[in-house]
Amino acid sequence: MLIGKAQPEDMVLHPIRYQWAYDLYNQAVRNTWFPHEIALKEDLDDWAKMTEDERHAVSFLMAFFNPAELIVNRSIALGMYPYIKAPEAHLYLAKVMWEEANHCVAFEYVLETFPLDRAKVFGIHLEMPSMKAKEDYIFKYLRRMTETILDIETVEGKKDFVRNLVATNIVMEGIWFYSGFMVALSFRQRNQLRNFGSMINWVLRDESLHLKFGINLVHTALEENPDLLTPEFANEIRDIIIEGVELETRYNKDLFPRGILGLNADYVNQYVQYVTDRRLEELGLPKHYNAKNPAKWMSTATDVFELVNFFEAQNTSYEVDGHASGTKKEKVAEAKETE
Amino acid sequence: MEIYIKKRDGTREPFNADRINRSIERACKGLSDPISMVTQIATETRLILYDGITTEEMDQATINASVQNIKEDIEYDRVATRLLLKTVYRRVVGEFENKEETLEKMHRDSFTRYVIQGVAEGLLDTRMAEKYNLEKLADCLDLERDELFDYAGLSSLLNRYAVKDKQQQPRETPQYFFMRIAMGLAYNEQDPNAWAKKFYDKMSRLEYVAGGSTNIHAGTPRPALSNCFLLEIHDDIEHIAKSVADVIKLSKASGGIGASITKLRAAGSPLSSNNTTSSGPTPFAKIIDTAIRAVQRGGKKKGALCFYMENWHYDFPEFLDWKHNAGDDYLRMRTANTAVFLSDEFMRRVASGSDWYMFDPKDTPDLNELYGDRFVKRYTEYVGMAEAGKLRIFKKVPAREQFRQILVSLQTTSHPWLTWKDAVNLRALNNNTGTIHMSNLCTEICLPQDKDHIAVCNLASINLATHVHNKEINWSKLESSVRFALRQLDNLIDINVLPVKEAEAGDKENRAIGLGVMGFTDTLEKLGIAYDSDFAADFADRIFEFISYMAIDESANLAQERGSYSHFVGSGWSRGKVPIDTLARLERDRGIPLTVMKESRHKGLNWDVLRQKVTKGMRNATLMAVAPNANIGLVAGTTPGIDPRFAQVFSRNKISGKYLDINHNLVLDLKNMGLWEKVRDEIIEAQGDIEDISDIPEHIKKIYKTSFTTSPFAFIEVAARAQKWVDQALSRNMYLETRDIEETMKIYQTAWEKGVKTTYYLHMKPRHTAEQSTTHVNKAQKMGKKGFAAAFGRQQENHPSAFGGISKLQPSLLVPSKFEGLVPNTFEGLTPTPSIPDPIVLKKETPSPIQQIEVKEAALVGFSSVAKAIQKEDTQAEMQTEFAERSSAPVAVAQHPKLTVEDILAAGANAGPEDPQDQFICDSCQ
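For the record, the sequence lines run as chains A and B.
Per our numbering, numbering of the first sequence is gapless, rising by one per residue and ending at 339.
Per our numbering, numbering of the second sequence is gapless, rising by one per residue and ending at 926.
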């Protein structure tokens, strides 16, 4: 069982029961990157040329992302990690938490570099009702894991676990973040904030794995606990997701009170609906919006391999574990040579 | 909400849909389905309007709307290009729509003004006005050639190369641009007008393209026209300081730099001036790494440089870490690149399993100057001294271990690039002027340098693809392209002004040029040849022999007309040698035969006549070098250099923007077969790899492989065969899927054995990429999971149905073999890596044969035949069918109890391309 109270036999990695979690861990390690690999000078030059509305959108995004990354960590630490038994999942979650910390520091790095009033940016998520509502939503489900704690071995306890998981992983990381990434990458598409765009590509690469993990987790939890498979609970989960979309819709109106070239609130919200349909389907729920992807250009931004001239932009597709492959073989070869 | 547009003069006017539509209509003229294209672009433009949008942004919005549809039909590329051209025409020649005069005439008439005003404002050289009959040249401009561009090319040209005004807007149209370069390289001709026209005709037809720096600076008052600089940094503080200054100045002149740091003494090496020790090469390199960041090359991008080190340097292990992403920032080069200069002795020691020694260059100062057997002799002596305890410091590792470390670093950071000192030096015809200590930033230049000479190279590239007609190379056209390009490059040297006197000396004394090619793969595709076939290698051999022959002949002609270069006497040329003759010398020195086919593949070129001719004089020390031309290749709309297609569709992350690159040759072939619309989404889904798309016939798949499905040995074979004829080198990009270090070592050893001089980037296929946005994604479905669908009491028919007509997942390590085991047996042949099915899962999950057939049919028939739905207690999901889309109204869907969620999801994955009207349907649905 993946979810439940950890027993002494859950403290060793072998035998690995959830290979997907271990594979995710290994890939995540290869994906390791650091904010300082990104140089922001050219982006600063772009910033100087951007319109007020464009700057507003970028700082608003960062005002959301910076605390959001840490909220995800709280949710993992307090609402997921303690109730998961498999050590391979713990390994991955530990890496995820480092990644979220790294993302937070990455946004911090951008905030420190750009001429922004940081106190003001950090204040936005406390003052802006639409942004605050999003955070409250996450905390609502997390609180049930930290304050009104139900026994994880019971059906109700497991339901709380899934609710929190869906709110954090599917809605926050899988929908809200994805709409934010699309907005951030749209600047790159217009040849602005190129290096910031590279950073977002890295964040998106990490988040794609987080989401893969979350979806695996939901499916495994459902398979192992058929008691959860009721129409009522399924509908409740759908409603949780739809509620998240409604919050996002309001937030996007504040993100784009007017519009900028290529983007406005309606456009972003259509994208949110498109992504939400995808998430619903991935959970085995029917589409809710039947929305089409308005951002066809995302095929250029994320869907295909990217060819980079190293002296033009940061290449974001390199992986760091060159030692892993071939090591064994090499040893064998060396042994042979000495024979 | 009413939308107002902010005009250039600041006034506001209501958005006029009609006017926009008409302008899009004009751009769609002559295309196959203009009406639906206009609708599509207008609709999507409408989606991103906002109140207060400026006129410029409106133009950009329509262009963006066209661009994002290129993936559906490459005709949108045409539209985007025309819309972009329109903005340029309007800016440069003035408002032209609804005028009595034709655009052609206005474009012609404005040319003189462009030159005269440009000269007056100091944007153009005074010779541009003095030397030419501007009216006559204006008559030569051919506006129709603007139709040769694709969007990414035009956009890059304008962004990177066009002369700009103070608002950073282009001052020239593409045809003015080509004419500027042609004129800027013909000042010193006896008949400047005639030659400017000849050069213009070649370039504007994209038959060859000048190098980047030439494109930026030709015809301007600051003609720094060279592309590459190669400088040595000597082991004294004065010279290090001078080198930093030189690097800054050369970067400013928009050249890429190679810098050898092999001579710098090791960390801990004693200094003579006092009793302290040196900090080694790293901190000095870091100064330069920082310096190039500060310089905006040509005002556009930061400097670019590659450090070269020989691997016998004591600090070489530290050098290997320079590009790692973790670690002390002061010990890492964030901007500069690195390359290693390997000797044959090292490669032999790798093969024989011997040790490799590293020394402090302070103790072994002559090693850097030696190559071939003289290097071996001296190196062996130093090894003896080291073992006898006569050297202050040395290091020793198994040579194979160091080779492995180099390749591990290459795999994880794409650095250092591997280049071979002995192949470079022993095959050089210009080695009478000293040792070649490095290659350049792009590893195609092989020129010597010393304290008084910074090597300089001047580049242009022949576009092979524009020399193919009806599956035939037009050889006489190719010959004239080579001859004109060579003359143009030779002219360049006398006009060139360089900011450092050592570079001036290197340039003027050697008159080194590097004529390259682009469009190699594009040409292969047009001829129907697969890159990884013997035919491609033979074709490379043949084409390079021809170009080499013509280039040498033309330089010899120019020598007779204009005189030889200063150091001609004593060069290989003067002894009647041509590049192919130097293979024997390399072979002799190595003592091992080169494993490359050495004969000629081109009939009818009399090399003996040419050998005679070159003894009488050569105008240039070197003639050929195949640059990567990632940018000018993009401008010309062809594959860069000798590179394969990265993928059939991929994105280019460029300074001028991020472009989707889609292989037009493939699209046209698929269109002709009536397959394009059927498979286009699958091609994106498969990230540009068509190998597993069942609808595409095998013969097409053979020709259109991606860089990761082409054998890496093919890259080496093509480079080795071309290298036979090329006196300098080729930028050989490598692409690998395997991460097996043993295999990688074998690949690079093969390159050395075949006499390849240099390799360039190693592109590793990513094992994991971010979730796709515009394709159908359902991770649960790929895993064969039902999730909450199971809560609605349907039977557990758990079969992943995605493998029917849908492309598979990348064969990625991330897909655990367990999930593949879930695939029903009948589909096993289609799985990326057939694996042993997990017995437990299979027992429970294997669907009955009947179900399999149903799945297959559902996936194949897809959407169009029948409407499907999932029925739930209180929700009814409406699935839009292709049918419904066409009838432009949402269809309430009939219940179809036999279908499962998977069937519907599978059908969703097969859903046809998006219809222009879709967005309205969706919006009205809500």
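A portion of the hints provided could be inaccurate.
Stated by the list, open to error - Here are some, though not all, of the chain A residues that point toward chain B, as calculated from beta-carbon distances under 8 Å:
| # | residue |
| --- | --- |
| 1 | His36 |
| 2 | Pro82 |
| 3 | Lys85 |
| 4 | Ala101 |
| 5 | Asn102 |
| 6 | Cys104 |
| 7 | Arg205 |
| 8 | Leu211 |
| 9 | Val218 |
| 10 | Tyr267 |
These aren't lab readings, by the way, just hints derived from the structure by calculation.
Idealized CB from N, CA, C, for every residue including glycine.
To see whether the hints hold, each was checked on the structure:
1. His36: The hint holds - His36 (chain A) has a Cβ within 8 Å of chain B, the shortest such distance being about 7 Å.
2. Pro82: With Cβ-Cβ at 24 Å, over 8 Å, it is violated.
3. Lys85: violated (19 Å)
4. Ala101: This interface hint is violated because 16 Å lies over the 8 Å limit.
5. Asn102: violated (12 Å)
6. Cys104: Violated. Min distance 19 Å.
7. Arg205: Hint on Arg205 (chain A): holds, closest Cβ of chain B at ~5 Å, below 8 Å.
8. Leu211: With Cβ-Cβ at 7 Å, under 8 Å, it holds.
9. Val218: Val218 (chain A) check passes; min Cβ-Cβ to chain B is 7 Å, inside 8 Å.
10. Tyr267: Since chain B brings a Cβ to about 6 Å from Tyr267 (chain A), closer than 8 Å, the hint holds.
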